[in-house]
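J.: Listed below are the residues making up each chain.
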Amino acid sequence: MTNHWIDIKNSNVVVIMGGNAAEAHPVGFGWVTEAMEHNNAKLVVVDPRYNRSAALSDCYAPLRSGTDIAFLLGLSRYLIETKQVNYDYVKAYTNASYIVREDFEFNEGLFSGFDEKSRTYDKETWYYELDEDGYAKVDESFEHPRCVWNLLKHHVERYDFDTVSNITGTPVEDYEKVCAIIGSTYTHDKAATFMYALGWTHHTKGTQNIRSMAMVQLLLGNIGVLGGGVNALRGHSNVQGATDMGLLCQALPGYLKLPSDKDTDLETYLDHHTPKPLRPGQTNYWSNYPKFFISQMKSFWGENATKENSFGYDWLPKWDQQYDFTKHIDMMYHGEVNGYFIQGVNAINSMPNRNKTLAAFSKLKFMVVMDPLATETSVFWKKDDKFNDVDPSQIQTQVFRLPTTLFAEEEGCIVNSGRWMQWHWKGANAPGESKPDAAILSGILMKLRALYKEEGGVLPEPINAINWAGYHDSHFPHGSEVAKELNGIDLKTGKQLDSFSQLKDDGSTACGCWIYSGSWTEEGNLMARRDNSDPSGKGITPGWSFAWPSNRRVLYNRASCDVNGKPWDPKRTIVEWKHDKWHGIDVGDFNMKLTPQESAHPFIMQQEGVGRFFALKHLAEGPFPEHYEPMESPIGTNPLHPKVISNPAVRMLDGVAETLGSHKEYPYVCTTYCVTEHFNFWTAHCRLAAISMPETFVEIDEVLAAAKGINSGDWVTVSSKRGELQTKALVTKRLQPLKVHGQLVHTVGLPRHGGYNALTRKSSSCNVLTTEVGDANTQVPEFKAFLVNVTKVEAI
Amino acid sequence: MSTQDIILSSGTSRLSPAAQVRKKLSKVAKLFDATKCNGCKACQVSCSEWNDLRAPIGEFTGSYQNPADLSSECWTLMKFNEVTDEKDKLLRWQFTHTACMHCDDPACLTACSTKDAIVQHANGIVDFDSDKCIGCGYCVTACPFDVPKLDSVDQKAYKCTMCSDRLQVGQEPSCVKSCTTGALKFGTREDMLFIADMRIKQLHEKGFAKAGLYNPKGVGGTGMMMILHDIDDPQSYGLPADPKTSLSIKLWQDVVKPLGAAGIIATVAVACLHRITVGRNIVEEDEPAAFDHSHPSKSDKE
Amino acid sequence: MNRRQFFKLCASSTATSAISALGLLPGKAFAAVREFKLLRAKETRNNCCYCSVGCGLLMYSHGSNGKNAEKSIFHIEGDADHPVNRGSLCPKGAGLVDYVNSPNRNHFPEVREPGTNEWKRISWNEAFGRIARLMKDDRDANFIEKNSDGTTVNRWLSTGMMTSSAQPNEGAYITHKFARSLGLVAIDTIARN
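Protein chains in written order, with our numbering: chain A, 1 to 796; chain S, 1001 to 1302; chain D, 2001 to 2193.
It should be emphasised that the hints constitute simulated quantities derived from the structure, not laboratory data.
The beta-carbon is built from N, C-alpha and C at its ideal position, and this holds for glycine as well.
Treat the hints loosely; a few may be bogus.
Covered by chain D, according to a simulated footprint, are these stretches of chain A (three or more residues, beta-carbon under 8 Å) [claimed, not checked]:
(1) 17 to 27
(2) 340 to 346
(3) 390 to 398
(4) 731 to 741
Cut-off 20 Å, straight-line C-alpha distance, at most; resulting in silico cross-link-like pairs (DMTMM-like, lysine to aspartate or glutamate) [said to hold, decoys possible]:
(5) Lys2067(D) <-> Glu411(A)
(6) Lys1201(S) <-> Asp58(A)
(7) Lys137(A) <-> Glu102(A)
(8) Lys733(A) <-> Asp1131(S)
(9) Lys733(A) <-> Glu1082(S)
(10) Lys2136(D) <-> Glu454(A)
(11) Lys2037(D) <-> Asp1131(S)
(12) Lys365(A) <-> Asp2149(D)
(13) Lys447(A) <-> Asp2138(D)
(14) Lys1206(S) <-> Asp1233(S)
(15) Lys447(A) <-> Glu2126(D)
(16) Lys2042(D) <-> Asp1052(S)
(17) Lys2146(D) <-> Asp261(A)
(18) Lys383(A) <-> Glu2113(D)
(19) Lys383(A) <-> Glu2118(D)
(20) Lys1206(S) <-> Glu34(A)
(21) Lys382(A) <-> Glu2118(D)
(22) Lys426(A) <-> Glu2113(D)
(23) Lys1089(S) <-> Asp58(A)
(24) Lys447(A) <-> Asp2140(D)
(25) Lys365(A) <-> Glu2126(D)
(26) Lys365(A) <-> Glu2043(D)
(27) Lys426(A) <-> Glu2126(D)
(28) Lys2146(D) <-> Asp320(A)
(29) Lys762(A) <-> Glu1059(S)
(30) Lys262(A) <-> Glu2145(D)
(31) Lys1089(S) <-> Glu454(A)
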């Protein structure tokens, strides 16, 4: 979230699209009802299903799953055409005036530079025209035909109401209503917030879904202001922290990059990842990259990181391609993986295409499951009727199941969606011999060290060098010790750092994660602060926990005022230039020593300091979003460009194309989701949750149900090209068939909570049906839009 | 909890007055605003959690509503109804927080013949004492909202206590505390009526012309009031349109109340009559014939 | 005559509401309100482990926090001081006590040997030793020190890790250090789904 939960109360329009806050984030949704009651806000819900968020909406519009980009680009077109644009904001704080290279093109669904064979783009042309100093050329009059504004206008003008409705299935009158409500926030005194979650990421163009919305917010001038923003409602309690900690195949903590084969040495690496400003006078905050990285290496390797050994740079593994879980499970499936650690994840239920995952796991030599609960994953080798049809004697995997503590039994910090680092305390001992994850991994590491010492082996240096020496008990690094390490320390004085501005690139500071700097200073643990006062009344509680970065609650808040530092809306003041000084209710997201004119580039992490309508080379499938069909399309074509149906830049692993079904065999769109009563597969182990929703089901619209003779409670088979499952039907008015491109498209909804080894009734995970094909950038699988067939089961 | 906090008690007809009632204790109420509820079931789960109840894990019944009904181990239940507005054909998914209504004139208490098994506290809460309950089931049949349920094992009746254990230490009921959207509120009845009034005005402005407060007079008003989108159609929320304490009770009150106004003697007479004719009215489920025989004479006398 | 008819007939004889309306009150009526169960219970502050709203929790455990009592959590409710949830919790959060005390918690390290159909309880020492052995054998056999261009890449691809999104940052950082020091590239988080 650029903003935070409480800030939703400041919104005038709340748009829930690509998420379902009432069900997945019910307490966060409480701030929506707050805005509706006390700020007269309107709630707009756009979703294939009339869900529990829609139940409280002022305006609900259905859309076909996987067509959000068409919906949002149509909204952008509407805003531009009806001039409901915050022009002051767009001119000052976006790249609308920047001039794009002459050789950039978009034709028939493809941007310039596409290579069909590799399904990738050569992105050379997706860039600004540069002047002799290397700065981007701009035309503030917006007259240049290749300035971003004109390219954008041209790009979205195809998305008129009828075209959008023809693709999305959203009735035109509903669509117009949504456009009008959202458009109303283009004025300075109104703000809209978008609340989205996995409903946008679980698509083969998930990143572009979000970009399409961010572009709308830029047009309306809604980013960096109270009640506005781009608000990802993160999933798990510490998925924000897990991402901050870089637990991804190409990442290091603090959004630093794990080096690739191209980063042959430290100098090359730093050169590749330290951007140069694209306009004069930019903050370009990533120019500090070397300070963040070298300090992290000092935290990783301690005294073993020296200038002479490039601070241990060579010990970091380098990647040659993306080894995300889909790729790694595919390697497993092909017998190329021997060992797998599964920490607090019920992978066999959560991963796409369960049958393939099961076959892949069965080829492992060993699996280590660390979990507080006895998950289906840990017993993937055990036969359980049709739910897990395996022969244990044929599975040669050694499986270790290690009991871990859970939140109530450990201290530490988790980061909520609003980037609040909240410290929690231990309330009880864990049952039996359970240990915290950190103790388990330390125990294994110490054994490995002993083995390498005894036997020698391949490259033991990093295993010995990794800094465990700073922990009092090398078998269990305590939360407080690691938290201090993450904040960072001045190695000369031994004092905790106050802020990342003190980091150095000469090895004199150590810091695990630069964005966490300031969270545990010499003052103590700022994450444990519990002053809930809100002096401004705007929902900003600076004394409660610590929000990264720098305890800042609203990101990009420089954009809340104009170039001269005057708030766009005096009622929404976050920072303000008054009497030759900056004042504010929040920590400014800029150097507050600069004048308004010097700091008038609020997006300080970007090389140009402005928001991007045109995304340069950052995304795989293009600098502008474009509507592509899901990989399995219910209409089998793309009404805009029939030759390019789905995302052309999607990664297709060998053999996966054959697992995709056609709309002729599998005519219905299936979407998977969580219901309020359950959290993924965990709560199936909680009696109270099991009572409130005892088994899973499939939601079917009344028209389809009537055609198939299905009544609520009947058993049905839901099948995709990848598998099938039996479940009970819930026939509902809340799903409606939609008219799409001359045909009626039915959506069926499948909650994702099925499990067979818990307290709920035995049922199959929805992932028996899902596809592993994922977003071209993040590889997040297309869990939200794939094709199925539904048949009634006569007897079961 | 002091006896002085009790204003009504089942199965009693003592002549001697209780210790001084705390008349100044204000009545409390729960206000459920259906127009703000998102059907999350936090109230339902926290009720079971606080009261240490665990209903059996049931099965899918064709709706999000689980368990299917209230029971001795489920005192609060979210009910789900899909309603199509006739005027503009818009779908409304209605959620009803279903629990004891804490009637001002509680039919359960009136019906209960076991001394002190059901009481009404001065704050308006109707509470069951399971130690005293004999499992006759009168309250179950009497309740116009179909709330109390007999437990199949101990044969005692159970229902929402409005967390009287929390209330006595000054806390709000568990369901109200957990409510995510503020659809449930708790406070004095006066405050709840005021808030309801404001909210209904706001709803009228927002276009919910039929929004209104469900606080049925037939049971003397309720300690749980509900704001509905359409006050003319409580049935669509699973609520009775015109709940009454029961016809026979009403008749009784119509006869006795004027007498009471006339003087204490009449009251004493009635009380004596009641004591003599009824006393502790213990009902055994497996002996229906005996009662068939006995009670025409009772009603004759009255 | 069924129960309902019977009730209707006799209910009027027990109309205590009318009695009390006239000022006659019960003498000795102890409706046993349950004792408030949290008095002096040990209270610990925490945050919900499910979604990223990050609701504040109050956890109540048995014992006075004295050294001889084994603390176990018997009730969890929302923290009214928390500025986001202000005491409220969703149904999952409201039922957290059943996650902490789930009958399906793992208690001991266990191993399932190849081809067998059962768990065998082992000690932590044995678990660490056996896992380290398997890892070292795989790492020594499959570690890639240089790529075909001769660049030092130091990666180990034949073992991977799917990491938790609910453990605290500190555990996550330890996980990161552990994985990268071994040369693991294929680490991923459930952040992706």
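J.: For Lys382(A) and Glu2118(D), compute the direct alpha-carbon distance and say whether it is at most 20 Å.
T.: The hint holds at about 8 Å.
J.: Lys365(A) and Glu2043(D) were given as a pair; does the straight-line alpha-carbon distance stay at or below 20 Å?
T.: Judged against 20 Å, a Cα distance of about 45 Å means the pair is violated.
J.: Quick one, are Lys447(A) and Asp2138(D) close enough, alpha carbons at most 20 Å?
T.: Given pair Lys447(A), Asp2138(D) holds - Cα atoms ~15 Å apart, limit 20 Å.
J.: So if I understand the rule, the pair passes when the alpha-carbon distance is 20 Å or less; does Lys1089(S) with Asp58(A) pass?
T.: OK: Lys1089(S) and Asp58(A) at ~15 Å, within 20 Å.
J.: Verify the proposed pairing of Lys2146(D) with Asp320(A), using a straight-line Cα cut of 20 Å.
T.: Roughly 12 Å separates the two Cα atoms, so the pair holds.
J.: Check the hint pairing Lys2067(D) with Glu411(A) against an upper bound of 20 Å on the C-alpha distance.
T.: Distance ~19 Å between Lys2067(D) and Glu411(A) Cα, so the pair holds.
J.: Sort out whether Glu2145(D) lies within 20 Å of Lys262(A), counting only the CA atoms.
T.: Status holds; Cα separation ~15 Å.
J.: Check the hint pairing Lys2037(D) with Asp1131(S) against an upper bound of 20 Å on the C-alpha distance.
T.: Cα-Cα ~18 Å, so holds.
J.: Checking one constraint from the list: CA of Lys137(A) to CA of Glu102(A), max 20 Å. Satisfied?
T.: holds (12 Å)
J.: Take a quick look at whether Lys383(A) and Glu2118(D) sit within 20 Å of each other, Cα to Cα.
T.: Measuring from Cα to Cα gives roughly 11 Å; hence the hint holds.
J.: Report holds or violated for chain D covering the stretch 340 to 346 of chain A, Cβ cut-off 8 Å, minimum 3 residues.
T.: holds (count 6)
J.: Mind checking, does the stretch 390 to 398 of chain A have 3 or more residues with a CB under 8 Å from chain D?
T.: n = 7 at 8 Å, threshold three: holds.
Taken one by one, the earlier hints fail for this structure at numbers 4, 8, 12, 22, 26, 27 and 31, listed in ascending order.
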